[in-house]
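Which chain is which? The protein sequence lines are D and L, in order.
Going by the numbering used here, the first residue of the first sequence is number 1, and it counts up by one from there.
Going by the numbering used here, the first residue of the second sequence is number 1, and it counts up by one from there.
Just so you know, the hints here were simulated from the structure itself, not pulled from any lab data.
Among the clues, some could well be false.
With the C-beta cut set under 7 Å, the calculated list includes, among others, these residues of chain L facing chain D [unchecked claim]:
| no. | residue |
| --- | --- |
| 1 | 4 |
| 2 | 5 |
| 3 | 7 |
| 4 | 9 |
| 5 | 15 |
| 6 | 16 |
| 7 | 19 |
| 8 | 20 |
| 9 | 22 |
| 10 | 41 |
| 11 | 44 |
| 12 | 48 |
| 13 | 54 |
| 14 | 55 |
| 15 | 56 |
Derived DMTMM-like pairs: lysine to aspartate or glutamate, alpha-carbon spacing no greater than 25 Å straight-line [what the hints assert, rightly or not]:
| no. | chain 1 | residue 1 | chain 2 | residue 2 |
| --- | --- | --- | --- | --- |
| 16 | L | 2 | D | 229 |
| 17 | D | 56 | L | 47 |
| 18 | D | 56 | L | 50 |
Built from N, CA and C at the ideal position, the CB exists for glycine as well.
So you can see what is in the structure, the chains are spelled out below.
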Amino acid sequence: MTTVELTQVLEYAEPLSCLVALAFLLRSSTAKQFRFLVALLATRSFASGVGLLILKFGRHLFGALFGYEIYFYFYWSMFAVEAILMLAVICSMYRLAMAPLKGLQNLGMLIFSWVGGISVLLALGLSAAPHVTATHYILNFVSQMQRTQSILILCLLLFVCFAIRPMGLSYRSRIFGVSLGLGMMATASLVQSAWIGHVKWMRGSMTTINDAVCCLALAVWAVYFALPEPKRRIITLPTTSPFLRWNQISEVLGDSPGHVAIAGLPPEMLAPAEIEVMRRASLKMQFTWDKESHAVQSN
Amino acid sequence: MKNIIRAFVVVLALTGAAAATRPAAPATAKTIAASGHSNLLPLPVCDPNDAAPCALR
């Protein structure tokens, strides 16, 4: 089997793998928890199916050049939609993984938002260059964002892999399985992006390797959703654990602080009920103090 | 098993990091310098205004 034939077989295998993974995910009744992954798999299946139809019949229906044009715009539109969905999947995986540690979850999402905002600004700036058309500008921007997203995915995978025990998860957890699949796709994507400058035509050996890795990642997802997931362990952390400490710190970050009147306050600032409470408290204190002083004198 | 999984994840991350340090080729008049994509469809690398090398076959 030649490389081109293998690539074509893998192209047909992708929508099928997506549908199989989607079927296992829906069967595992965790679709609500992994709703962004469901949307991503459904979009990929649709994009692959329609894309293959355009490649197969586009030349006969629209001609070779116009067919390519349709394919070009369809591909990049779906690319952008999938990139947004993948970002949503990364966010949801992080939220699910950090669910027991709410403080760290909020802190992570805050950092994630800042990183995302700065990445968008950088991508907008870096995509601009002299003599760049609007099409090139948009494609450069989308590509930069996809590179950033791939790096974020790998960071998430490293985090989930090495902090898996404090989060009560195991390597058989679906959160890890989804992160692993995403990480494999991200690595293949980054390697291909480094390679793409040398490509003369749409199909090549690098495309075949990328395709094989993607099919493997989809197979990983299918297996993880087909097998029963072990229950999340009860998390017990030592009191000296940095996870616990940082979680406590993160929980109080952003809370509005209390205020103290440092130079006394006039009575008109208090409500009548507060004045009454303070009057009664001072009477009680006076009574207690008198009683104690009498006791001392009689002794 | 745990160490194998960890080693695999580290290899993935290092490969990705090494690939990310290589700058993507700049867009030229004829080709689209795009990042790779996880989708298995062939990547359209030609500008639609000069699509002869990528015309559908």
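Verification of the supplied hints:
1. 4: Since the shortest Cβ distance to chain D is 10 Å, the answer is violated.
2. 5: holds, 5 Å
3. 7: violated, 10 Å
4. 9: holds, 4 Å
5. 15: holds, 5 Å
6. 16: Residue 16 of chain L check passes; min Cβ-Cβ to chain D is 4 Å, inside 7 Å.
7. 19: This hint holds: residue 19 of chain L lies near chain D, its Cβ roughly 4 Å from the closest one there, short of 7 Å.
8. 20: This interface hint holds because 5 Å falls under the 7 Å limit.
9. 22: With a closest approach of 4 Å, the residue 22 of chain L hint holds.
10. 41: Holds. Min distance 4 Å.
11. 44: holds, 4 Å
12. 48: holds, 5 Å
13. 54: Result: holds, 5 Å to nearest chain D Cβ.
14. 55: For residue 55 of chain L, the interface hint holds, since the closest Cβ of chain D sits about 4 Å away, which is under 7 Å.
15. 56: holds, 4 Å
16. L:2 - D:229: Satisfied, since the Cα-Cα distance of roughly 17 Å is no more than 25 Å.
17. D:56 - L:47: holds, 20 Å
18. D:56 - L:50: Distance of about 21 Å is within 25 Å: holds.
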